[in-house]
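S.K.: Line by line, the protein sequences are chains A and B. As numbered in my numbering, residues 39 to 154 make up the first sequence, in order. As numbered in my numbering, residues 16 to 128 make up the second sequence, in order.
These are calculated hints, taken from the structure and not from any lab test. Owing to the predicted nature of the structure, the values given are computational and were not obtained by experimental measurement. Some clues are possibly wrong.
Cut-off 20 Å, straight-line C-alpha distance, at most; resulting in silico cross-link-like pairs (EDC-like, lysine to aspartate or glutamate) [what the hints assert, rightly or not]:
1. A:78 with A:41
2. A:78 with B:31
3. B:67 with A:141
4. A:79 with B:57
5. B:71 with A:123
6. A:78 with A:105
7. A:76 with B:57
8. A:56 with A:90
9. B:64 with A:41
Single-letter residue listing:
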Amino acid sequence: DTEVTQTPKHLVMGMTNKKSLKCEQHMGHRAMYWYKQKAKKPPELMFVYSYEKLSINESVPSRFSPECPNSSLLNLHLHALQPEDSALYLCASSLSSRPGSGDTQYFGPGTRLTVL
Amino acid sequence: GNSVTQMEGPVTLSEEAFLTINCTYTATGYPSLFWYVQYPGEGLQLLLKATKADDKGSNKGFEATYRKETTSFHLEKGSVQVSDSAVYFCALSDQTGANNLFFGTGTRLTVIP
């Protein structure tokens, strides 16, 4: 089973709201990723967690706050977002994030976020 | 640095036509190479991968060969179907960072009956 699940599928929020995106995998993977994808563009890496510790933050604004409560779960907390943050947010996981491993990243279906 | 250059789209083909989507890369070391496919409204699905020079990845009739001498990983399929209509992304995995993926810009394929 190579399934990564994400909830919710769609989210509409105002600029003053606080919401969270959730990602889950049960493949025993120890690396998890958040990507942001704008329309007609490739995904852009936001965060990488390795063994539940944040290993990469690609200069993402603090209104995005990731959390990895355990090896199967990854959350993205959203607060005071801007309309330009509207995008598809993709979660992925891989066996490891060891440099040079080439471990395949498996993606979830994404959460389509609209900020009003 | 790492980068992927992918054939610009969109590409429109008739059913049963031959498909080639070009992909070339620049990387430090020997990256793993991937093709991902994204159907409308969905996330990315791994289509195929290759981890070293001369490896051929294949899946669902799609093939790509890791060519180190030309730094290429072109995607091919002998006979496309309407159901192959999607966006295709070529990607490489970072050899120095945390297994980061570097994506090409994506190629939108439309197959018409």
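S.K.: Hint compliance check: list the failing hint numbers for this structure, sorted ascending.
M.R.: 1, 2, 5, 6 and 8
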